[in-house]
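Listed here are the chains, written in short residue letters.
2 protein chains.
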Amino acid sequence: MSADQLRAQLDTLEAQYRALAERQLSLDLTRGKPGTEQVSLSDALDGILEGDYRASNGTDVRNYGGLDGLPEAKALFSKVMGVPESDIVIGGNSSLTLMYSVIDFALNVGLRGAESAWGNSDELKFLCPVPGYDRHFAICEHLGIEMIPVAMDANGPDMDEVERLVSSDPAIKGIWCVPRFSNPTGCVYSEETVERLARLGTIASDDFIVMYDNAYAVHTIDADAPELANIRDYSVKHGTESSVFQFGSTSKVTFAGAGVAFLSSSPANLAAFKQHLGFQSIGPDKVNQLRHVKLLQSPAGIAAHMEKHAALLRPRFAAVLATLENELGDTGMGEWLSPQGGYFISFNTRPGLAQTVVKLAADIGVALTPAGATYPYGNDPEDSNIRLAPSYPSLKDVQATAEAFVICVKLASIRQALA
Amino acid sequence: MSADQLRAQLDTLEAQYRALAERQLSLDLTRGKPGTEQVSLSDALDGILEGDYRASNGTDVRNYGGLDGLPEAKALFSKVMGVPESDIVIGGNSSLTLMYSVIDFALNVGLRGAESAWGNSDELKFLCPVPGYDRHFAICEHLGIEMIPVAMDANGPDMDEVERLVSSDPAIKGIWCVPRFSNPTGCVYSEETVERLARLGTIASDDFIVMYDNAYAVHTIDADAPELANIRDYSVKHGTESSVFQFGSTSKVTFAGAGVAFLSSSPANLAAFKQHLGFQSIGPDKVNQLRHVKLLQSPAGIAAHMEKHAALLRPRFAAVLATLENELGDTGMGEWLSPQGGYFISFNTRPGLAQTVVKLAADIGVALTPAGATYPYGNDPEDSNIRLAPSYPSLKDVQATAEAFVICVKLASIRQALA
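Residue numbers (UniProt numbering), protein chains in the order written: chain W, 1 to 419; chain G, 1 to 419.
Calculated from the structure, these hints are not laboratory results.
Treat the hints with care, as some may be off.
[Claimed, not checked] Stretch by stretch, here's where chain G covers chain W in the computed footprint (C-beta under 8 Å, at least three residues):
{"no.": "1", "region": "58-65"}
{"no.": "2", "region": "282-290"}
[Stated by the list, open to error] Non-contacting residues of chain W with respect to chain G, defined by C-beta distances greater than 10 Å in every case (computed):
{"no.": "3", "residue": "Ala3"}
{"no.": "4", "residue": "Arg7"}
{"no.": "5", "residue": "Gln9"}
{"no.": "6", "residue": "Asp28"}
{"no.": "7", "residue": "Arg112"}
{"no.": "8", "residue": "Asp158"}
{"no.": "9", "residue": "Ser168"}
{"no.": "10", "residue": "Asp224"}
{"no.": "11", "residue": "Pro226"}
{"no.": "12", "residue": "Leu228"}
{"no.": "13", "residue": "Asp233"}
On a predicted model such as this, the values are computed, not experimentally measured, just so you know.
Here a beta-carbon is modelled for each residue, glycine too, at the ideal position from N, C-alpha and C.
Generate coordinates for the entire structure from the input sequences, incorporating the hints supplied.
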């Protein structure tokens with residue numbers, strides 16, 4: 001477009017933006033949390049036991065004991081993770097808590113005895129594929145672990161770079177991964193990426209771990225979404241089971257704040273971790289575990305339940321993606337992927353505009369995830385990534401937010417072009 | 001008794017012991033856990049919400065959010081602890097987890113910023129009133145904190161000794177307390193002891209904390225059991241609110257493994273601790289908090305509920321105490337207190353016999369808490385303390401265990417006298 005054409009479009013956009021401002025919107029696309037209809041899908045949980053508090057092995061789930069979970073919970077959720085029933089620990093309501101505990105254990109106590117504690121070293125680093133999940137990065141920052149960003153593409157982290165880094169720097173103790181419907185890009189790691197992650201244990205420092213947060217293992221939106229390769233099988237192939245900690249939960253299956261979380265690793269790691277857990281817990285809430293098994297029952301039961309979630313999420317994602325395509329397709333003002341599952345759409349503005357767009361939106365009552373939140377230390381060097389989370393608002397609000405968002409993107413882009 | 005009399009009695013006891021051995025008993029008095037009838041008192045919990053998942057302030061308890069608990073849970077449990085509603089955090093199902101988190105935070109992160117982290121010092125110590133709770137001691141041992149035993153009497157820890165130690169050694173960072181129906185002696189700390197504990201913050205190192213595990217705050221067996229003075233009031237009086245962390249839970253009110261835990265301290269400590277918690281949790285299980293408030297409702301509701309527990313515990317404690325009194329009273333073979341609440345009877349053999357008695361009992365199928373478990377590092381210097389926990393077995397089994405126990409005590413004592 002010529003400068004005159006741009007100026008004409010700018011006038012139109014300014015008018016549209018002012019009109020939005022006058023509507024005094026109050027919209028929020030920040031939180032990757034399930035909507036009210038979604039959590040209602042599991043309302044049967046409370047009361048599902050009908051007074052029967054006995055687990056399959058006779059355990060009274062009301063009382064103390066059982067640090068690593070009920071057998072029937074292990075049987076069900078090990079299938080979700082693709083691991084043996086023996087190699088899983090069922091925790092409380094938060095996989096984040098399990099992740100923090102693993103890092104805290106490796107750092108301050110030592111996965112393989114006190115001499116192996118990461119904290120014995122002066123320099124500690126973690127690889128952080130970007131854009132990524134801010135709560136992963138926050139754990140590292142809180143515990144004083146330096147973060148090194150690594151680029152993501154449609155197949156997952158740039159594995160050439162990851163392999164180069166971990167094989168050359170023993171201070172690198174781990175890597176964060178969200179392998180299926182990655183937060184926020186929505187990509188599914190390719191089979192090659194999964195195998196190369198499993199193989200890192202053969203080239204990295206001895207105490208290196210893959211923090212494999214399989215948060216969206218069953219969270220498909222499109223029926224033909226790609227499957228995730230089984231990292232456990234590849235760890236067995238390469239003899240690296242102890243270098244992988246896999247996490248999952250029912251937070252976005254049943255109740256976001258009252259689900260069941262789980263973790264899997266090698267038998268040696270789990271034995272050490274359970275011993276550590278025993279100092280800080282009398283065991284997880286087994287009553288809630290039993291409720292979950294009664295509600296979900298089997299992998300097929302989980303799949304049927306997740307299809308109900310997909311039916312609620314699908315129109316919300318479609319509304320955002322259609323608006324982006326209709327309004328920004330072929331304009332060069334933004335790039336995005338169309339995720340087939342998970343909770344996010346990752347949008348890249350032209351370089352240098354993410355903060356401007358988020359501010360423009362905030363000023364008219366549209367809350368977006370802060371620019372930079374998907375990068376370590378909140379620092380997006382390109383200032384271009386914005387995470388859109390369409391699950392929680394009503395479809396009408398999602399549509400209104402998407403429309404306001406594209407106006408903000410266009411306005412920022414054209415102002416930049418004219419500057 | 002003369003040596004001949006002792007030998008005659010020994011023959012009788014050996015015969016009684018052999019007779020017990022032939023019965024192939026399988027009894028267990030080790031675990032301070034509620035009995036099945038006790039946990040059944042709260043069976044209404046599952047299903048009590050009747051589909052209404054909204055808290056009083058409109059919060060959808062199924063979803064994410066709310067790091068420090070529901071307002072109605074704070075209102076109820078702050079009354080149990082005798083603290084303002086604003087100064088409590090409601091956690092997950094385990095007060096042990098909250099205690100571990102506080103110690104971990106103070107040690108590795110710092111209650112008042114990184115410079116205040118205990119881990120910056122080479123030498124760290126904790127005072128451990130003895131006999132005490134093995135899980136408290138295990139936290140210190142796991143985290144490399146040296147433990148210094150301090151004697152207990154009927155009024156609580158020997159406060160002259162505690163004050164002398166904390167005022168002379170800045171490496172002492174805290175003290176463990178179970179102030180009401182102490183584990184295991186069953187004593188209730190006197191009002192003077194409570195005030196002197198609150199005042200420790202004025203004479204100890206700046207980062208000293210009282211770990212005040214009020215686990216049995218409402219767990220009376222006798223209606224006329226002594227009340228516990230309010231440590232919060234004394235901390236306010238002495239300006240030491242930040243030196244006290246008070247803990248409680250419903251583990252022995254509702255479901256031992258699926259209750260609600262809470263902690264109270266000064267506003268400054270809670271703000272720092274919540275910020276720390278935010279890195280490792282998406283918030284506690286609010287659904288379960290709401291269930292608990294619906295079941296227990298008010299302090300009066302809790303008291304009525306606890307009276308049902310007392311009715312189940314009273315005959316079990318009475319059976320043990322009557323057997324001890326009838327068989328060992330005035331023999332000089334043992335000393336014990338008669339607790340008016342809590343979960344334990346603390347028995348002291350003649351010096352040097354606790355391990356022997358526990359072994360004698362184990363050999364005839366009667367499991368007792370390991371001798372030494374109530375001391376740091378499992379080291380009871382007198383080898384005399386044995387913790388009896390009569391809550392879990394049936395009344396018949398409690399009676400049978402008590403009868404077997406006194407035979408073991410007598411046998412060990414007379415063998416010692418004749419040695």
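| query | Against which earlier hints does the structure fall short, listed by number upward? | reply | No hint contradicted; all consistent.
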